Amino acid sequence: EAAVTQSPRNKVAVTGGKVTLSCNQTNNHNNMYWYRQDTGHGLRLIHYSYGAGSTEKGDIPDGYKASRPSQENFSLILELATPSQTSVYFCASGDRGEQYFGPGTRLTVL
Amino acid sequence: GDSVTQTEGLVTLTEGLPVMLNCTYQTAYSTFLFWYVQHLNEAPKLLLKSSTDNKRTEHQGFHATLHKSSSSFHLQKSSVQLSDSALYYCALSDRGYQNFYFGKGTSLTVIP
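Residue numbers (this note's numbering), protein chains in the order written: chain A, 1 to 110; chain B, 111 to 222.
Honestly, the hints are just simulated from the structure, not real lab data.
Because the structure is a prediction, the values reported are computed rather than measured.
Where is the CB? At the ideal position from N, CA and C, for every residue including glycine.
Keep in mind that the hints are not guaranteed to be accurate.
Unchecked claim - Here are some chain A residues the structure puts well away from chain B; computed CB gaps all over 10 Å:
(1) ASN28
(2) LYS65
(3) GLN71
(4) LEU110
Stated by the list, open to error - To give a feel for the contact side, a few chain B residues facing chain A, derived at Cβ under 7 Å:
(5) PHE142
(6) LYS159
(7) SER203
(8) PHE212
All chains, please: the whole structure from these sequences, using the hints.
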């Protein structure tokens, strides 16, 4: 079974603080993705990566950075968190279009 | 830019009835279309992936046909079950499976 894990699962942050969301996959997939999920907007792609050392902007990259230090790990970084970034964040790894999603991280920015 | 439009909001159906969830897309490039399903408190999972133009793909009783002429990839099932209650997303990707665009999702509720 494909495995994507995320940490933390829940996070409360303060406005202006730095937040790092971590993702690990054991599928050996080249492609990895970060999404946010909001009611009324669905899933929106923030950043993706096609291999270690690469990061690319998705549809809504503003306010987010990403880091892919290895095949297995892909992080999403909010340097200056804002309340509008309160959301559920999903990481996924992909093979030929089939994406395996992690369990999600619920982030609340106060 | 690329986009996906799907049946919006909530769809409520009685068990045993057929369902069709609409999905149309806009892209300037050759692409793949997908349906993902997300049950309550779970992560999204792949349900269907498009094949060639006008070819039907099926999985778990659901089916969809890519029609490039109308830019559509509607999801259908002949008889819904209670366990089909979930959030359904239509999505498109580029040929390299790198950039993905999801629709806003359709919530399907099946009642006895």
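Evaluation of the provided hints:
1. At the 10 Å boundary, the C-beta of A/ASN28 stays outside the reach of chain B, the nearest C-beta of that chain being 15 Å off.
2. With a cut of 10 Å on Cβ distances, A/LYS65 stays outside the contact zone with chain B, its closest approach being about 18 Å.
3. The claim that A/GLN71 is not at the interface with chain B holds, since no C-beta of that chain comes within 10 Å of its own (minimum 16 Å).
4. Distance to chain B confirms A/LEU110 as a non-interface residue, since its nearest Cβ pair spans about 24 Å, more than 10 Å.
5. For B/PHE142, the interface hint holds, since its Cβ comes within 7 Å of a Cβ in chain A; the closest pair sits about 5 Å apart.
6. Evaluation of the B/LYS159 hint against chain A yields a held restraint, the C-beta minimum of about 6 Å falling below 7 Å.
7. Restraint check, B/SER203 versus chain A: the minimum CB separation of about 6 Å is within 7 Å; hint holds.
8. The restraint placing B/PHE212 at the interface with chain A holds, with a minimum CB-CB distance near 4 Å, inside the 7 Å limit.
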